[in-house]
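A.B. asks: Okay, here's what each chain looks like letter by letter:
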Amino acid sequence: MADEALFLLLHSEMVAGLYRAAEQSEGENGRCTTKLESMGFRVGQGLIERFTKDTARFKDELDIMKFICKDFWTTVFKKQIDNLRTNHQGIYVLQDNKFRLLTQMSAGKQYLEHAPKYLAFTCGLIRGGLSNLGIKSIVTAEVSSMPACK
Amino acid sequence: MAVCIAVIAKENYPLYIRSIPTENELKFHYTVHTSLDVVDEKISAMGKALVDQRELYLGLLYPTEDYKVYGYVTNSKVKFVMVVDSSNTALRDNEIRSMFRKLHNSYTDIMCNPFYNPGDRIHSRAFDTMVNSMMMQVC
Numbered sequence: 001m002a003d004e005a006l007f008l009l010l011h012s013e014m015v016a017g018l019y020r021a022a023e024q025s026e027g028e029n030g031r032c033t034t035k036l037e038s039m040g041f042r043v044g045q046g047l048i049e050r051f052t053k054d055t056a057r058f059k060d061e062l063d064i065m066k067f068i069c070k071d072f073w074t075t076v077f078k079k080q081i082d083n084l085r086t087n088h089q090g091i092y093v094l095q096d097n098k099f100r101l102l103t104q105m106s107a108g109k110q111y112l113e114h115a116p117k118y119l120a121f122t123c124g125l126i127r128g129g130l131s132n133l134g135i136k137s138i139v140t141a142e143v144s145s146m147p148a149c150k
Numbered sequence: 001m002a003v004c005i006a007v008i009a010k011e012n013y014p015l016y017i018r019s020i021p022t023e024n025e026l027k028f029h030y031t032v033h034t035s036l037d038v039v040d041e042k043i044s045a046m047g048k049a050l051v052d053q054r055e056l057y058l059g060l061l062y063p064t065e066d067y068k069v070y071g072y073v074t075n076s077k078v079k080f081v082m083v084v085d086s087s088n089t090a091l092r093d094n095e096i097r098s099m100f101r102k103l104h105n106s107y108t109d110i111m112c113n114p115f116y117n118p119g120d121r122i123h124s125r126a127f128d129t130m131v132n133s134m135m136m137q138v139c
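Residue numbers (UniProt numbering), protein chains in the order written: chain W, 1 to 150; chain Y, 1 to 139.
Hint data in this document are derived by calculation from the structure and do not stem from the laboratory.
No residue lacks a Cβ here, since even glycine has one placed at the ideal position from N, Cα and C.
One should not assume that every hint holds.
[Said to hold, decoys possible] Quick list of in silico lysine-lysine cross-link-like pairs, DSSO-like style, CA-CA up to 27 Å:
#, chain 1, residue 1, chain 2, residue 2
1, W, Lys53, Y, Lys10
2, W, Lys53, Y, Lys77
3, Y, Lys77, W, Lys136
4, Y, Lys68, Y, Lys10
5, W, Lys53, Y, Lys27
6, Y, Lys27, W, Lys66
7, W, Lys136, Y, Lys68
8, Y, Lys68, W, Lys66
9, W, Lys35, Y, Lys42
10, Y, Lys68, W, Lys53
11, W, Lys70, Y, Lys68
[Unchecked claim] Here chain W is said to cover these stretches of chain Y; the calculated rule only asks that three of the stretch's residues, wherever they fall, bring their Cβ under 8 Å from a Cβ of chain W:
#, stretch
12, 104–114
13, 122–135
Using the sequences provided together with the hints, build the complete structure.
C.D. replies: Spelled out as structure tokens, the structure:
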């Protein structure tokens, strides 16, 4: 379907546009990631509201994380999270071996330092979704080798 | 017919309250406020008592002498409370459920409005129109 490409392109342009604007105004270099993340936050809140409209009530945190890994990820990125790990004390690691927003960039170590910019929006997305479901969280992302990311 | 409809946020403050006989509004505000306790009780009891998979709709919260109160909780812990006149006994469960579905759909639309910040009072005209139609419909 054409709309996967639409979102990918829009997203890359969003990242590029924000950084370009930051360069020109010369003031606020580190703030781009924050802006991207807060954009993702608001979008995540709205998205979650729509997606959970018809689903059953969630019993506990693990249930919510599983929902995010399966339904939410499928609807946004058309695939599921490959691996979910937890230490049962509030830390969850979601691993995606073929993250859609990064597949177009490279298949190895090239451009590794630019990857975090592209992950900020998705981190915000997850944080927004979780906060709307009642969970305060911090979401970080790490890329060791494209296109996989945690 | 619904005499009062309220949307209550996660932190238990009202996002939207509307009642029909506008002179006695305070009484309805009070009723909605007390019904929040019942809602919380139902939510916390859910996990232990019944493995209640599908229920966002809570059903009749409590009946009083003039009216009945129904509740509905979304997955994002936003509560919808509806106060219905007892004299109109023709309102069946299904109709109440469908009214709550419509409320939920409109609420979702409001959430997706970029000009709306989650946690603010709801000022949307579309929402108002929908609520008006629900309050008038079975009159």
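A.B. asks: Now, for every hint given, state plainly whether the structure supports it.
C.D. replies: Here's how the hints hold up against the structure:
At roughly 16 Å between alpha-carbon atoms, Lys53/W and Lys10/Y fall within 27 Å of each other, so this suggested pair holds. Taking the CA atoms of Lys53/W and Lys77/Y, the gap is near 11 Å; set against the 27 Å cutoff, the hint holds. With a C-alpha separation of about 14 Å, the suggested pairing of Lys77/Y with Lys136/W holds against the 27 Å cut-off. Between Lys68/Y and Lys10/Y, the direct Cα distance comes to roughly 23 Å. Compliance with the 27 Å bound is thereby established for this hinted pair.
Our distance criterion of 27 Å between C-alpha atoms is broken by Lys53/W and Lys27/Y, whose separation comes to about 31 Å. In summary, the hint linking Lys27/Y to Lys66/W is not supported, as the alpha carbons are separated by about 43 Å, beyond the 27 Å threshold. This hinted pair does not check out: Lys136/W and Lys68/Y have alpha carbons roughly 35 Å apart, beyond 27 Å. Straight-line distance between C-alpha atoms of Lys68/Y and Lys66/W comes to about 37 Å, which puts the hinted pair past the 27 Å bound.
Of the supplied pair hints, the one linking Lys35/W and Lys42/Y is violated, its CA atoms being roughly 39 Å apart against a limit of 27 Å. Between the alpha carbons of Lys68/Y and Lys53/W the distance comes to roughly 25 Å, so the proposed pair stays at or under 27 Å and holds. At most 27 Å may separate the alpha-carbon atoms for a hinted pair to count; Lys70/W and Lys68/Y exceed this at roughly 39 Å. Given as covered by chain W, the stretch 104–114 of chain Y passes the check, having 7 residues with a CB less than 8 Å from a CB of that chain where 3 are the minimum.
A count of 0 residues in the stretch 122–135 of chain Y with a Cβ less than 8 Å from any Cβ of chain W is obtained; the coverage claim is therefore unmet, three being the minimum.
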